[in-house]
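Enquirer: Based on the hints, put chain B in the right spot on chain A.
In order, the protein sequence lines correspond to chains A and B.
The first sequence begins at 1 in the UniProt record's numbering and counts up one residue at a time.
The second sequence begins at 1 in the UniProt record's numbering and counts up one residue at a time.
Careful, some of the hints might be misleading.
Reference listing, derived: stretches of chain A covered by chain B, where coverage requires no fewer than 3 residues with Cβ under 8 Å from a Cβ of chain B [what the hints assert, rightly or not]:
(1) 6-17
(2) 27-36
(3) 151-165
Simulated from the structure, these hints should not be mistaken for lab results.
Just so you know, even glycine gets a beta-carbon here, dropped at the ideal spot from N, CA and C.
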Amino acid sequence: SAPSLERPQVVSHVQQSLSYTVFDCKWVPRSARLLCLGSAARGTGVVQLYELRGARLELLREIEKPKPIKCGTFGATSLQQRYLATGDFDGNLNIWNLEAPEIPVYSVKGHKEIINSIDGVGGLGIGEGAPEIVTGSRDGTVKVWDPRQKDTPVANMEPVQGESKRDCWTVAFGNAYNQEERVVCAGYDNGDIKLFDLKTMSLRWENNIKNGVCSVEFDRKDINMNKLVATSLEGKFHVFDMRTQHPTKGFASVSEKAQKSTIWQVRHLPQNRDIFMTSGGSGSLHLWKYEYPAQRSKKDSEGAEMGVAGSVTLLQNVTLSTQPISSLDWSPDKKGLCVCGAFDQTVRVLIVTKLNKI
Amino acid sequence: MPLWLREHRWHQTRTAVFLSLPLRGARAAPANIFCTERYLKVSVPPFLFEAILYADIDDKSSTAKIGNGNIFFTLYKKEPAMWDSLTLENADKEKLQYIRENAVLKAQERAKEETEAKKVTKQEHKKYALEATMKVEEAERKRIEDLKEKERQRITEELELWKKQQKEAAKYKSIQKEGELHQEIQQLEERKDEKMNKTRVPNEVTSKTRLKPTKGHGSCSIFSQNLKEEQLPAPRSAATIKVNFTPRVFPTALRESRVAEEEEWLHKQAEARRTITADLSELEDLKEEEKNPDWLKDKGNKMFAMGNYLAAVNAYNLAVRLNNKLPLLYLNRAACHLKLRNLHKAIEDSSKALELLTPPVPDNESARVKGFVRRGTAFCQLELYTEGLQDYEAALKIDPKNKNIEKDAEKIRYLIQGTMQGS
Chain A
1 SAPSLERPQV VSHVQQSLSY TVFDCKWVPR SARLLCLGSA ARGTGVVQLY ELRGARLELL
61 REIEKPKPIK CGTFGATSLQ QRYLATGDFD GNLNIWNLEA PEIPVYSVKG HKEIINSIDG
121 VGGLGIGEGA PEIVTGSRDG TVKVWDPRQK DTPVANMEPV QGESKRDCWT VAFGNAYNQE
181 ERVVCAGYDN GDIKLFDLKT MSLRWENNIK NGVCSVEFDR KDINMNKLVA TSLEGKFHVF
241 DMRTQHPTKG FASVSEKAQK STIWQVRHLP QNRDIFMTSG GSGSLHLWKY EYPAQRSKKD
301 SEGAEMGVAG SVTLLQNVTL STQPISSLDW SPDKKGLCVC GAFDQTVRVL IVTKLNKI
Chain B
1 MPLWLREHRW HQTRTAVFLS LPLRGARAAP ANIFCTERYL KVSVPPFLFE AILYADIDDK
61 SSTAKIGNGN IFFTLYKKEP AMWDSLTLEN ADKEKLQYIR ENAVLKAQER AKEETEAKKV
121 TKQEHKKYAL EATMKVEEAE RKRIEDLKEK ERQRITEELE LWKKQQKEAA KYKSIQKEGE
181 LHQEIQQLEE RKDEKMNKTR VPNEVTSKTR LKPTKGHGSC SIFSQNLKEE QLPAPRSAAT
241 IKVNFTPRVF PTALRESRVA EEEEWLHKQA EARRTITADL SELEDLKEEE KNPDWLKDKG
301 NKMFAMGNYL AAVNAYNLAV RLNNKLPLLY LNRAACHLKL RNLHKAIEDS SKALELLTPP
361 VPDNESARVK GFVRRGTAFC QLELYTEGLQ DYEAALKIDP KNKNIEKDAE KIRYLIQGTM
421 QGS
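The following block holds chain A by itself, in its conformation from the complex:
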């Protein structure tokens, strides 16, 4: 391994202390501004817009909403509009225009319980197809919304009647490489990972990784699905090779145990899909690189194609906080710039250096 000074370094650039619990932080596309979403002590939701100026974060705007906000995404909006879609503790999905945030552009009470995770696809000039938002909630359902259709979701993944429900903890879009194809991957608290194909409206694959799934992400939303990373409790994460699906064995995977605590988030670097960062419950960040195997697929004894998983190496790790780092976002515009929010009520802007040399 390279000597320590030549590996990528994670440098803490700015640290900002907040007066509320931050659940999600996102870069505003095409700008040096970032958003923090969370819950204030009095039980209301907070959205703060900051701008990165020199060595400080300057607060541009603060918006208060009646219910605490758990997650947000810019994934389904166009670059000119840059509307923010949020999910809150009450199960409401809202899309806001940050210039005029008093009334949401779109609003629906999508779920009966807190929306744990949200993702958007089709916007920001990435990929093709209709803009869609997917939400996963504690009530066990995963719903896909189109901002042009009010009140009813365009797809609903719910438990069979009478079956006990499991909390859905995370959702992600993938495989959106043309106008028709799209998949949604959902992770649940009992370790289930389910892959839904929206073109055929069916369950394409499911698997169980024993521990609750905290975060799933495809390495790119807008290509033929390539890799999926799923992180879980007890410090394990799995990288699935999604190019080859075996009829019974599903997708090949490699798993790694990174740290003793929960891995809260995984985020791929937008500029290099083989590098991703995981954030942990012990306040640490790990930067990983995936290496492909010599042959990505092979034939098994019956002649069916089977995927071969590669290997994962740790590039760098750093501990920033004593509390879990619950949210992480890479800037799509500047390579190596990322923001993370932790439960110690601070948001940190970090710079990861030497990513060009990998």
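Expert: For chain B alone, kept in the frame of chain A given last:
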């Protein structure tokens, strides 16, 4: 007895004395020479040479050269004067002795001083080495810090530069847009109404907020949005996908599971099946099947169903003798005793059953409910209503939906209140 060496030769100058001592074949080493300010001794077994010098010499700078069967001394005098003779001639024995001893003492002192001096220098050397290493490490650390600092500054500069670029790009774009708008506004004037009507329905919500900002921007973005609308596919037709969640023997997620307890219970059950606690010699005259506790349990159940409670009790007794770890045997025997109105025995048996039914897991729920209910009934029939109520409430906790248990619990509560009021 050493041999004295007397054939020495010497000559002197004002400042030095040169003494030559033949060794007659023996080999000498520096250790054999002992020299202090006033006393010189050479001891090469079996030879011995001793000289108490006429005056003091500087023994630090004096030298001795060993070679060719000879030792050649060069002794530098402390006071430059000519000596009458090499040694002190007419000194008496005591003086000689005193000088000898003095010499030895002086030598020892000097040796001590030398070791002290060595120690001190060693300490100083160590300290110096330590400080030097610390400095080197400090320098290394500083270098790394500087590197990091430089990186940080460089990145901050890059960020600022990039931000400036963004701003300029945005300004440029907006200027461009203004230019285009002025050209197109005329063209749009007639066509705008038509387009607005067509697209008002899907854009209802968005256009309301859009018309508020300045006219130029509003029309521009509506225009661009119209184009995009035509390129995007229609919203998907709604559908539902039903999902099943992974079943498990014990349907809980790993984090909720009480795997440990459940394992324990399963283990206990397995153990219980295996134990045979009876003394086989007594039971030799029993038939094979009568030695099987399960068969006996079934027999007991049949007797109970027929109403022959005593026979049932007998069967259960034998089964218990064979294997006293099966909770169901005690449970069923308790039911028999209840019917036979052997209330104390019923209480005993239900207690034993409940004891064996730990740890409490969903698997043995129904058995535990039965145990509590039977014990509760026995207590009530003994008029120990509070204990009975306790057991009924425990049963209710395990199975809150059972109406019979609820009714009975109500009855007991009523009874208790009645007796309390009465007394």
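Enquirer: Confirm or reject each hint.
Expert: These are the hints, each one checked on the structure:
Counting residues of the region 6-17 of chain A whose CB falls under 8 Å from any CB of chain B gives 3; the rule of at least 3 is met. Counting residues of the region 27-36 of chain A whose beta carbon lies closer than 8 Å to any beta carbon of chain B gives 3, which reaches the threshold of three, so the coverage claim holds. Proximity of the region 151-165 of chain A to chain B, defined as three or more residues with a beta carbon under 8 Å from a beta carbon of that chain, is established by the 12 residues found.
Comparing the model with each earlier hint shows no violations; every hint is respected.
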